[in-house]
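K.L.:
Each chain is listed here by its residues.
There are 2 protein chains.
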Amino acid sequence: MNVMTIAPRSFHDAATDGLTPAQLETVLRQVGAERYHNRHPFHHKMTSGALSKLEMRAWALNRYCYQAVIPRKDATILARAEDPAFRAEWRKRIEDHDGDDGWSGGIARWLYLATSLGLDADAVKSERLALPATRFAVGAYLSFCANRTLLEAVASSLTELFSPVIIGERVPAMLAKYDYITDDTLAYFKKRPEQASRDSDFALAYVVSHADTPERQQSVIDALVFKCDILWAMLDALEHAYGGAGHIPPGAYREDGT
Amino acid sequence: MNVMTIAPRSFHDAATDGLTPAQLETVLRQVGAERYHNRHPFHHKMTSGALSKLEMRAWALNRYCYQAVIPRKDATILARAEDPAFRAEWRKRIEDHDGDDGWSGGIARWLYLATSLGLDADAVKSERLALPATRFAVGAYLSFCANRTLLEAVASSLTELFSPVIIGERVPAMLAKYDYITDDTLAYFKKRPEQASRDSDFALAYVVSHADTPERQQSVIDALVFKCDILWAMLDALEHAYGGAGHIPPGAYREDGT
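Chains P and W are the protein sequences, given in the same order.
Under our numbering, think of the first position of the first sequence as 11, with each following residue one higher.
Under our numbering, think of the first position of the second sequence as 11, with each following residue one higher.
Honestly, the hints are just simulated from the structure, not real lab data.
Because the structure is a prediction, the values reported are computed rather than measured.
Some hints could be false.
The list treats identical chains as one, so a pair stands whether inside a single copy or across any two.
To be verified - With a straight-line cut-off of 20 Å between C-alpha atoms, the simulated SDA-like cross-links for lysine to any residue are:
(1) Lys201 x Arg180
(2) Lys102 x Ser207
(3) Lys200 x Asn48
(4) Lys55 x Ala255
(5) Lys55 x Gly256
(6) Lys55 x Gly254
(7) Lys200 x Pro182
(8) Lys55 x Pro260
(9) Lys63 x Ala255
(10) Lys187 x Ala60
(11) Lys55 x Asp132
(12) Lys55 x Ile258
(13) Lys55 x His257
(14) Lys135 x Asp211
(15) Lys187 x Arg264
(16) Lys102 x Lys200
(17) Lys187 x Leu127
(18) Lys63 x Asp194
(19) Lys135 x Thr125
Just chain P, same shape as in the assembly (with noise of 0.2 Å):
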């Protein structure tokens, strides 16, 4: 059941034309330029130390819940792949987040990641504190991977393409402007570039050789705003509950542990 069909979202009507790969792949990154994550005023604040202990705890508590379900998406476009060597290089990308054994991949580091910040483990793996609105986002981003067509599945991945630049932004500064952040504690961060260089190579290649009308075109670029507006979504939902304000929704995070 394709339920995320609610509202379709148009960005570039120039793709009605038909692009070049290469022209499709400057469309793509202006999107990221223009949307990704990087641009949004909580991580803006992150970089500038101004984050509570509070915010910070509620950001990794909260994307916990994105990196716990990302294997889940991976194993959804995995299932849809009928190609054997594309599935080959797509599971990489659960291997890199379960590892060996479930928890020694990214989610464990991860997780690593929010118990150094304080947090309880079993509180963050249970998910039971996150923002409602973090879960409405990441299970329209799964939903997304299992009721779109797989080109856009892929396309949806994209955001993987600005993940470096991001990386190099928030990790310097975390340890520059928190005392309380170590090397150790964003040993996450460590392995992510290489294996998102690696990880978008390959889908940007697939995209721009798969999205071969006008109308795939535009699907691939339409996509790829979906996801953008999923990271950006969880930044709002985060800067409303635990910014200035503070609005915390009822059974959400809160400092006291209730």
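Once you have looked at the hints, place chain W on chain P.
P.N.:
Then chain W, alone, in the frame of chain P:
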């Protein structure tokens, strides 16, 4: 595919001992008393007359996405119901929202509300200017009704138990506090209390009689919490984007029409 099993939430662990139908109804009404969106600051701002016209329009435009999906949500429930008598009752909901010809029911009346506020009908219907967070919340509701048990899907409709209250607060305040809102604008709300009472009486009777184990009772309580989270998150997103500071995400509705 059960894409919504991202984070189970519990509310009243008392249910693990089992509740009588009357006790279960009491707990469900308590969920509403604590978490229904008539407790949200955006609702209070609306009833106090303090919403800007931008906020009022954004509310109508975003809420349209929710209204528009209701008959699809109800058709999803209908498709899963094996009892013809249940279906005959439940399909009234679809008739209420679509009317005889698709555009003479609740959705059309909501669209009228939106256009009365100065919004363009096609822009509203396209849903392209809605907040991504609205779409993710609405999508989560659809997914929930498609992927959880029929009992949980029915229970998630029980926010209607509380809608006559919020409508009773909203309508007189909107008429009194905003000179651009007339009785005519609010035609949608005239029909809703009677329909909602009929529907929620039926749904409540179904839920309390079918939630006949502690596990099922917990599941229906959690379903109602989930649904309250949906409505709450929609107002959080509106407040964040259009309230005080104003953090309208890329691509969403702006007063200048971009």
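K.L.:
For the identical chains here, do Lys187 and Ala60 meet the 20 Å Cα criterion within one copy, between copies, both, or neither?
P.N.:
within (8 Å within a copy, 39 Å between copies)
K.L.:
If the cut is 20 Å between Cα atoms, do Lys55 and Ile258 qualify within a copy, between copies, both or neither?
P.N.:
both (19 Å within a copy, 17 Å between copies)
K.L.:
Checking an output row: Lys55 and His257, CA cutoff 20 Å. Within, between, both or neither?
P.N.:
both (18 Å within a copy, 14 Å between copies)
K.L.:
If the cut is 20 Å between Cα atoms, do Lys200 and Asn48 qualify within a copy, between copies, both or neither?
P.N.:
Within one copy only: 18 Å inside a chain, 46 Å across chains, cut-off 20 Å.
K.L.:
Within, between, both or neither: how does the pair Lys187, Arg264 come out at a Cα-Cα threshold of 20 Å?
P.N.:
Neither way: Lys187 and Arg264 sit 23 Å apart in one copy and 35 Å across, limit 20 Å.
K.L.:
Checking an output row: Lys55 and Gly256, CA cutoff 20 Å. Within, between, both or neither?
P.N.:
This pair counts as both: shortest intra-copy Cα distance 15 Å, inter-copy 16 Å.
K.L.:
At 20 Å max between alpha carbons, let me know whether Lys102 reaches Ser207 within a copy, between copies, both or neither.
P.N.:
within (13 Å within a copy, 53 Å between copies)
K.L.:
State whether the alpha carbon distance between Lys55 and Gly254 is at most 20 Å within one copy, between copies, both, or neither.
P.N.:
both (11 Å within a copy, 18 Å between copies)
K.L.:
As a check of your reading, is Lys187 near Leu127 (CA-CA no more than 20 Å) within one copy, between copies, both or neither?
P.N.:
Classified as within: same-chain Cα gap 14 Å, cross-chain 47 Å, threshold 20 Å.
K.L.:
Quick one: Lys55 to Asp132, C-alpha cut-off 20 Å, is that within a copy, between copies, both, or neither?
P.N.:
neither (28 Å within a copy, 37 Å between copies)
K.L.:
Regarding Lys135 and Thr125, is the shortest C-alpha distance of 20 Å or less found within a copy, between copies, in both, or in neither?
P.N.:
within (11 Å within a copy, 45 Å between copies)
K.L.:
Up to 20 Å between alpha-carbons, please classify Lys55 paired with Ala255: within, between, both or neither.
P.N.:
both (15 Å within a copy, 15 Å between copies)
In the structure shown, a violation is registered for the earlier hints numbered 11, 14 and 15, in ascending order.
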